[in-house]
Structure formats: C-alpha cells, structure tokens
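Engineer: Chain residues, written in single-letter form:
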Amino acid sequence: MTLHARVRTQLGSLHLDCDLSVESNVTVAVLGPNGAGKTTLLRIVAGLTPLDEGRVEVDGTVFEDTATHTWLTPEARRVGFVFQDHGLFPHLSVLDNVAFGLRARGVDRKTAEARANEWLERVDLSRYAASRPTALSGGQSQRAALARVLVTNPQALLLDEPLAAVDASGRLELRRALRQHLSTFTGVRLIVTHDPLEAASIAERVVVLEDGRVTQEGSFREVSSRPRSTWIAQMAGLNLLRGSVSTGTMLLEEGTSLTVATNVQGPALATIQPRAVALYRKAPEGSPRNVLRCRVAGVDPEGDRWRIRLEGALPLIAEVTPAAAADLRLAEGGEVFAVVKATEIDVYQM
Amino acid sequence: MTRGVTRRPLIGLVIPAAVAVLFIAVPLIGLLVHVDWSNLPSELVSTDVLTALRLSLECSAIAVVIALVIGVPLAYLLARTSLPGRRVLRGLVTLPLVLPPVVGGIALQTALGTTTPIGTVLHHFGIVLPFSTAGAAIAEAFVGFPFLVITVEAGLRQRDDHFEEVAATLGARPWRRFWRVTLPLAAPSIAAGAALCWARALGEFGATITFAGSYPGTTETLPIAAYSSFEGSGQIGEAITLSLLLLAISILVLVVLRDRWLGALR
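Protein chains in written order, with this note's numbering: chain V, 1 to 350; chain Y, 1 to 266.
Among the hints, erroneous ones may be present.
What the hints assert, rightly or not - For each label pair, taking beta carbons as the anchor points, the in silico distance ranges come out as:
{"id": "1", "chain 1": "V", "residue 1": "G298", "chain 2": "Y", "residue 2": "P184", "range": "52 to 62 Å"}
{"id": "2", "chain 1": "Y", "residue 1": "D161", "chain 2": "V", "residue 2": "S21", "range": "28 to 38 Å"}
{"id": "3", "chain 1": "Y", "residue 1": "L92", "chain 2": "V", "residue 2": "H4", "range": "42 to 52 Å"}
To be verified - Computed far set for chain Y versus chain V, every beta-carbon distance over 10 Å:
{"id": "4", "residue": "L32"}
{"id": "5", "residue": "V166"}
{"id": "6", "residue": "P184"}
Unchecked claim - Derived contacts from chain Y toward chain V, CB cut-off under 10 Å, selection only:
{"id": "7", "residue": "H162"}
{"id": "8", "residue": "R180"}
{"id": "9", "residue": "A187"}
Calculated directly from the structure, the hints in this document are not laboratory data.
All residues carry an ideal CB built from backbone N, CA and C; glycine is no exception.
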C-alpha cells in the first residue's frame, strides 16, 4: 500500500506546496516547526480541507484530483485520523467511542461492540469500557483514540502530534506502545510532529516540512547529521554554515573564510558540533586551525554543559563545561576567540 | 472583585439599587400577603383552575413540540452553514421577542384567519385555527420559539464542528453525524431552550387572546383566566390563586435553569 500526495493549497498566510510519497512498510514522520502546514497536510489526506490543486491517492484509490474534479467525502475515505486532542466523543462511553466507526460503516451493534471490546483489551483499557472519556488520562485517551481508528482497519493511519496531549512522564511508555501498535498495522502510517525525539523514536523515515515546503527527507540519522535547514540543525543541536568551497577553503555567506578538510567543491553546507568549538581568552598561535574573534551574546547553563551563544565573525554555539566557563570569565558582551579544527567541520554538498 | 477600590460601594448607587430590589420584591410580597392560604387547597383543585391549568399545559406542550421540530433545524442552519441572508434571517427570528404580542396575534389572525387563503385551505380540511385550542398553541409557539432558536444556536456555536469532523473520518455520513454527534452534544442547550420557550408559552397572553380569544376549556389558559377573573367577575381571590400557580411554575423554571443562567454570571 502506498500514499501519494501532490498538494498545492493556500490557507490564510500558509502556502502549502509539497509532494509526499509514503510506502506502507515504513512509518513516516512529517517533522517541522509549528505553522509549517503539517496538520493541514493530514487534513487534506483525510478530506477535511480541500485542495486548490493537486492529487491524493491511497493504494490505487484516488481520494482527490483537482484535474479531474474527483473528490471523495471524508466518510468515503478509509483513513484513520487520530487527532491531536484525540477527539473522543464526550457524550459516549469509551466502548461506544471505539465502536463508532464500525457502527457508522453498517456493522451491527453486537459485532461492533465485540470487536471494540477486543481492541480495548489490546490497548489495556477494558476496565474503562463503560466510562466516559473524561475519566481517562492523556495516555489512556490516546490509546482509546488509536483503538477507535484501528478497529475500522483503515488503509492509512494519520496521527497528529500523537504525544502532545500526554504529560512528559507518560510519554516513554506511550511511545513504546505506539511503536508496537504501529508495527502491527499494515497500512500507510503517517505521523506529524514538531518533536525530533518523537520522530526519531517512532518513524523510520522523516520528511522535514517548513513553511509549507519539504526541505529534506531521509532517515532521522541522515536528516539530523546532514541538516539542510537552520531549523533542523537547531533541532539536532548543530551549527549550520552555508557557503562555497574551493580547494580546502570554505567562504561563508557571512563573509568569513574557514579552512576545511574535504573534497567537496562549490556550494556547500557544513556542520560543527557545539562541543567542537573551543574557546580562548587569547588567540592561540600556529596549527591548522580556524580562529574566530567573537563576542559572547548569551550564556545558557544546561546541566554539566553550558551553551555559549557567540556572534561576531560568525554566529556560533559553543558548549563548554561550567568550570571552563568560569576560567574564561565568560559574560555577555565579553570578547572571546573561538577555535575550530578543520577536521571538525563536516562539509557536504548543498 | 470585592477587593481594592471597589471595597467601599458608592452610597449614591446603593439607594437606587435598593429601590430596584424593592421594585421586584414588593409586588410579589403583595401577592403572597393576599393569598387566602386556608382556602388555597380547595381553590387550587376547583374545576375552573384545573381546566385552565390543563389547557395551559396542553397548549404550551404543543407549542414546545412545534418549536423543537422547526426551531432546532433553523438554529442548526444559522449556526453551522453560511446560508445567504443569515443575518436577516436571524433578525426575523428574534423579531417576536420584541414584537408586542398583540401585534403577533393580529398578524396570525390576518395570515391564518378563516377568510384568508391559508385559512380557507385549512378549513377545507376541517381545520379552524382562530379561537381554537390549536390556535392558542400556535400563538404560544409563535411567541416562544425564538427563545429556543437563540439558545440552541448559541449552544451549537459554543463548539465548532470538530466532533463532526471526527465522526466523518470515522465513516459517519451527514445524517448520522447530526443524530449521533451534533444533537447529543447540543442536548443541554436544546433542553434549556425548550424550558425557556415553555415558560414563555405558559405565560403568553396577548397573542393568544387576540388570535384564540378566551373561551373557558378551549382557549382560556392560566394567564387569561387570571385576567378574566380579575377584570370580569371581580373574583380577585381566584386571580391571586392562578397568579400564585404561575409564579410557582416560573420559580420552578428558574431553579431548573439556575446553573445555566446564574452560573454564567458567577
């Protein structure tokens, strides 16, 4: 089973323009900042938001095609949508919630309730069958919402920020449960999240969506180690540089030149781990290193590593131990020399 | 709210406010003082009172049913669709709220009277509305149903159509969504709207007497009976009994709806 979506649509100030292909053998996460159009993308697939132009197809069934004026109603699409707030009906019991989809598709009450009960058992919620959804915790209501769509055996499963409504303490357990249920589901699995950790732990493939456009796709490892946008670099905790390389020298957009060790030529991106940025009070001499004169723009203590935001020749994040920060007498506005070895700069083609 | 600068109320405001409270309380106290409590039980079960009460309950119940059947769909369309002319329509619906009830009764007479086109057609089927129990119920519905429409529309607007969307993705078609999701979720506002409509229908006087007259047992509802006995036969005792009955019903409605109304102000 596969999902193909070619989407062009204007919604308020958001212009969504992206192509998406999802094979059913992997879980795909659409990762991006808030307001990037992630939820809109899911709503388009489910038929809740109309397309200006494009085509959505799941497993050979055309859901929507603006070229042929094809449009299937949401109820005619076999799509399981787990909403961010889970969307459990407050006026129905948990059992009736889970049975709702089957009843809506014409399954008789007895069969529907029996199958809903089976699923409640699978997600460990049998004792809440007669309860109202308000009696459930965030994690439990998430599982109930998941059971409610999986019981209908949809062609595609869409999850919008699956862990957003769950408190931090329940996330680890829920992530495990979610992975387990996703692995038993054979259809298309598409989740949407702004949390890289969630994408990394649940999905095998990541599509980065920023401002309505796909900026990068691949495994989470690929995406996070070779980021192509500032947002994803920040998420991965890396310094991202843009520029052009010619024979061992990278001329950055900011105007600074860095000595790099790479065979890449021409327009390129480069990352530097914050802990690979060494700080000195005085400019060190000798050795094939890049020395940058900077000003401390901010100091963010984070446990045993302090993040130092630098500006000047190049905006950079450095990570030092609290002791080193004290020795350097780092303070906002102070001057400091940032040193980066050529071999610590990971350069790749733009 | 009662801290800081508002802790010491302005004396100049306390006096008119006290007058306002008395303005409401004194007539009610006057009513209660003049009740002949010893004869009250026997008066309450007298045939005249019971006839008026039965008729009032009957007519107001029919009015509520009419209001529900036509009012809920209208409230739904006003709340959930981008119907053209929606604002004009809403104004039209609220008109009976501010219209003098007598005008409503005269309007009904001119539209549904025996000599009018609609009245003639109805007469052909053996239905005569003016000066009949059905006519009284229709007059009450006319005056009461805006309360229902406004309350239900506000209730529907309180929630967006999120749960309808959820139901759609679960495979529910439009009618199923309406019956299984929209209506149950709007049930509290429908109940409140129906209670308001019922209370208004029960107390209805002007439109009813104009369109249906005051025939004991047919169209003489509680308020009309109270007025007739007060004005016509000078039996102020019976008028007070009937008034007390209506007051009790009003308090009952207030108690039932207290969380909905007073809760919003708390």
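Engineer: Next, verify each hint and record whether it holds.
Structural biologist: These are the hints, each one checked on the structure:
At about 53 Å, the beta-carbon gap between G298(V) and P184(Y) stays in the expected band of 52 to 62 Å. Here the CB-CB span from D161(Y) to S21(V) is close to 31 Å, well matched to the stated 28 to 38 Å. Checking the proposed 42 to 52 Å range against L92(Y) and H4(V) shows it holds: the Cβ atoms sit about 49 Å from each other. Annotated as non-interface, L32(Y) keeps its C-beta farther than 10 Å from every C-beta of chain V; the closest such distance is 42 Å.
Its closest Cβ contact with chain V, about 4 Å, brings V166(Y) to no more than 10 Å, contrary to its assignment away from the interface. Consistency note on P184(Y): stated as away from chain V, yet its beta-carbon is not over 10 Å from all of that chain's, at 5 Å minimum. A hinted interface residue such as H162(Y) counts as satisfied when its beta carbon comes closer than 10 Å to some beta carbon of chain V; here the least separation is about 7 Å, so the hint holds. Residue-level restraint check for R180(Y) holds (minimum Cβ-Cβ distance to chain V is 8 Å; threshold 10 Å).
Interface restraint check: A187(Y) against chain V, minimum CB-CB distance 8 Å, threshold 10 Å, status holds.
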